[in-house]
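**Student:** Using the sequences plus the hints, can you model the full thing?
Residue numbers (the working numbering), protein chains in the order written: chain S, 16 to 127; chain E, -3 to 111.
FYI, nobody ran anything at the bench for these hints, they're computed from the structure. Note that this is a predicted model, so its numbers are computed, not measured. C-beta: ideal position from N, C-alpha, C; glycine also. Be aware that a few hints might be false.
Unchecked claim - Interface residues of chain E toward chain S, partial, derived using beta-carbon atoms under 7 Å:
no.: 1; residue: G38
no.: 2; residue: F41
no.: 3; residue: Q44
no.: 4; residue: G52
no.: 5; residue: E99
no.: 6; residue: F102
no.: 7; residue: G103
no.: 8; residue: P104
no.: 9; residue: G105
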Amino acid sequence: DQQVKQNSPSLSVQEGRISILNCDYTNSMFDYFLWYKKYPAEGPTFLISISSIKDKNEDGRFTVFLNKSAKHLSLHIVPSQPGDSAVYFCAASAAGNTPLVFGKGTRLSVIA
Amino acid sequence: DAGVTQSPTHLIKTRGQHVTLRCSPISGHKSVSWYQQVLGQGPQFIFQYYEKEERGRGNFPDRFSARQFPNYSSELNVNALLLGDSALYLCASSSNPTGIPYEQYFGPGTRLTVT
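**Tutor:** Here is the structure:
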C-alpha cells in the first residue's frame, strides 16, 4: 500500500518551459515533504523541502507547493533546462523518529 | 567536505551467500539510514541508526542486519542472499533523525547483483 504516489512515470518538457511534477500522499501524519533528484549511477540529491505549516517554498528555479486538504504537493521548475533531466522522487516523513517514505519517481526529460 | 561514501560500488554474489556493505556518513552527522532501491521503484527504508543504536527498522526479513560504529560509519549485512535482493543499496546520513528539518544526504549506492 503506497503512502506516497507519483502517478506520472515520465514527463517531457521543452527547454525554457515550466516542468510540473506531482505527488500525492495518503498518510495524514506526514508533515514534512522533500524532493530529491537522481541521475543514473548516483544517489538521490536533496533538492527542496516544505513543512506542513507552509503552502509554498521557493529556491531559485524550484518551487514546491503543498495542498494539505488535498494531500497533494507539486514541484515546479521554471525555466526548465536540459541539465534538469533526471528522475525526481517525492518523499515524506512525520515529526519525530520516522524514516522517509518515497514515491516511485518521475523521469523528467527536458528537450533542447 | 566529503559527502556520504559507500563501498563497494558494485558487487556480484551468488544465491545463499552473505554480503557486507559499508557506509561513511558526512562528517559531523551521527545518523545513518539504509535504503533498498529496486529497479523502477523508489528507495525503501531498511534501517536507521543514531548514536550507534537502532532507531528504526523497515519491513525486511531478519536476514538483513546492520550496525553503527563509534565513528558513526555503518555496515549493512545480508545473509542467505536471494535473487530478489538484487538492488541498489543506498546509505543516507543526517545530523539529527528527529525534528524538522529532516533532510537526508545520500551516498552513490552499492549495486548488488545476486545470480
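**Student:** Flag every earlier hint the structure violates by its number, smallest first.
**Tutor:** No hint contradicted; all consistent.
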